[in-house]
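**Student:** Sequence:
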Amino acid sequence: MRRLRLRDAAASVIIVLVVSLGHSLGQLLCAQISGLGVYVVEALKFISCFLLRLINGWLEIGYPYPNNPHRFRITR
Numbered sequence: 001m002r003r004l005r006l007r008d009a010a011a012s013v014i015i016v017l018v019v020s021l022g023h024s025l026g027q028l029l030c031a032q033i034s035g036l037g038v039y040v041v042e043a044l045k046f047i048s049c050f051l052l053r054l055i056n057g058w059l060e061i062g063y064p065y066p067n068n069p070h071r072f073r074i075t076r
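Just so it is clear: in the sequence shown, position 57 is 57 by UniProt numbering, and no numbers are missing.
Treat the hints loosely; a few may be bogus.
Claimed, not checked - Label pairs and their calculated CB-CB ranges: (1) I14 to A43: 11 to 21 angstroms; (2) S12 to K45: 15 to 25 angstroms; (3) Y39 to A9: 14 to 24 angstroms; (4) F50 to S24: 25 to 35 angstroms; (5) A43 to V16: 11 to 21 angstroms; (6) I47 to A10: 17 to 27 angstroms; (7) S20 to R53: 10 to 20 angstroms; (8) F46 to V16: 10 to 20 angstroms; (9) A10 to C49: 14 to 24 angstroms; (10) F50 to A10: 32 to 42 angstroms; (11) V19 to Y39: 16 to 26 angstroms; (12) K45 to V13: 18 to 28 angstroms; (13) S12 to I47: 32 to 42 angstroms.
These are calculated hints, taken from the structure and not from any lab test.
The beta-carbon is built from N, C-alpha and C at its ideal position, and this holds for glycine as well.
Please take these sequences and the hints and turn them into a complete structure.
**Tutor:** Right under this line is the structure:
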């Protein structure tokens, strides 16, 4: 089992913060403006999904080889 690296931990924290903030903000706006809140929630879902895909792609790039820092390997 590989160790939890700092970059993986930071990405997990960012994901949790973005999703929870978007959910809370969407609920607040739905309660305040019923008509516009639906569009805001959909926009926040889109933004959070985009960030999740971006972070996931960033993590799948991999880590550099020890002998050659310019070549990357896929970590799966």
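**Student:** Each hint should be assessed against the structure and marked as holding or not.
**Tutor:** Consistency of the hints with the structure:
no. : hint                           : verdict
1   : I14 to A43: 11 to 21 angstroms : 19 angstroms, holds
2   : S12 to K45: 15 to 25 angstroms : 19 angstroms, holds
3   : Y39 to A9: 14 to 24 angstroms  : 34 angstroms, violated
4   : F50 to S24: 25 to 35 angstroms : 19 angstroms, violated
5   : A43 to V16: 11 to 21 angstroms : 20 angstroms, holds
6   : I47 to A10: 17 to 27 angstroms : 19 angstroms, holds
7   : S20 to R53: 10 to 20 angstroms : 18 angstroms, holds
8   : F46 to V16: 10 to 20 angstroms : 18 angstroms, holds
9   : A10 to C49: 14 to 24 angstroms : 19 angstroms, holds
10  : F50 to A10: 32 to 42 angstroms : 18 angstroms, violated
11  : V19 to Y39: 16 to 26 angstroms : 19 angstroms, holds
12  : K45 to V13: 18 to 28 angstroms : 20 angstroms, holds
13  : S12 to I47: 32 to 42 angstroms : 18 angstroms, violated
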